[in-house]
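Peer 1: In case you want the letters, here they are:
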Amino acid sequence: DAGVTQSPTHLIKTRGQHVTLRCSPISGHKSVSWYQQVLGQGPQFIFQYYEKEERGRGNFPDRFSARQFPNYSSELNVNALLLGDSALYLCASSLAGAGGEKLFFGSGTQLSVL
Amino acid sequence: KQEVTQIPAALSVPEGENLVLNCSFTDSAIYNLQWFRQDPGKGLTSLLLIQSSQREQTSGRLNASLDKSSGRSTLYIAASQPGDSATYLCAVKGGSEKLVFGKGTKLTVNP
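Heads up: the protein sequence lines correspond to chains A and B, in order. Residues are numbered in this note's numbering as their position in the first sequence, beginning at 1, plus a constant of 128. Just so we're aligned: 3 in this note's numbering is position 10 of the second sequence, and the numbers increase by one with no gaps anywhere.
Just chain A, with the same shape it has in the complex:
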C-alpha cells in the first residue's frame, strides 16, 4: 500500500511568487495535516483538514491557505513568498484525525525561496 505522497519533492521560487504543494493521504485516511519544518527546528503545525473542512489552524499568516478535495487529497498554497518561507513542508494523514490516532508523514516538499 502506498504511503502519504507529496509533490513536488523540491521547489525553487523567488520572493513574491505563489506556490502550491500537493499531498495524497494513505488510502482510507480522511484527515490531512500540514506542517512546516525550518532547518534545525521541529515541525510546526499549519493546518488540519477533515472531510474537506478546516479543523485546525496554527499560528501562520493569511498568506497560507489550504483545501481538501472530495478524494481527501489536499493542497497547501502560499502567496507572496518570503525568504523565511524556505522550509521542508510535511503532510500527514490519519483515519479521522481523532485524539489517539497515529499520524503518518510523507517525505515532504523542500521549498527554497530566493
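Derived from the structure by calculation, the hints contain no laboratory data. Check each hint, because a few of them may be wrong.
Stated by the list, open to error - Covered, in the sense of this in silico footprint (three residues per stretch, anywhere, with C-beta under 8 Å from a C-beta of chain B), are these stretches of chain A:
1) 169 to 177
2) 230 to 239
Stated by the list, open to error - Label-pair distances were calculated between CB atoms; the ranges are:
3) B:51 <-> A:139: 17 to 27 Å
4) A:240 <-> B:32: 14 to 24 Å
5) B:75 <-> A:180: 42 to 52 Å
6) B:88 <-> A:190: 23 to 33 Å
Positions of the beta carbon are idealized from the N, C-alpha and C atoms, including for glycine.
Dock chain B against chain A, hints included.
Peer 2: Chain B only, in chain A's frame:
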C-alpha cells in the same frame, strides 16, 4: 501552551553503546506521544506511539517510556549501530489534535 523540550540536542556515541534520549512536555493533558526518526532532508518515520494510558512501548532495539504525570518520556536504544545515526523527534498530541514537536536530538553513532 504545550512546549516540548528534548535533551541533549546532539549526542555522539561509539557503536554498540546503549543510549537514552529524553523528552519533556509542559502540559500533561495529552492523547499520545510519538517518537520519530528523521534522516537529513527527509520526512518523518514513526518509531513508537505511546497512548496516554500506556507506560511504554517496544519495537526491536527501541523502547519508549511515558510518565504523563511528570511530563517525561525517554527513548532507549540498545546496542546502537551506525545506521541509527539520524535526528530523533518527540511529539505530543493534545486536545487540539495537532502534534507539538521538540527540536530533536541529533544522534551520531561512530563505527
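Peer 1: Which hints, by number, does the structure contradict?
Peer 2: 3
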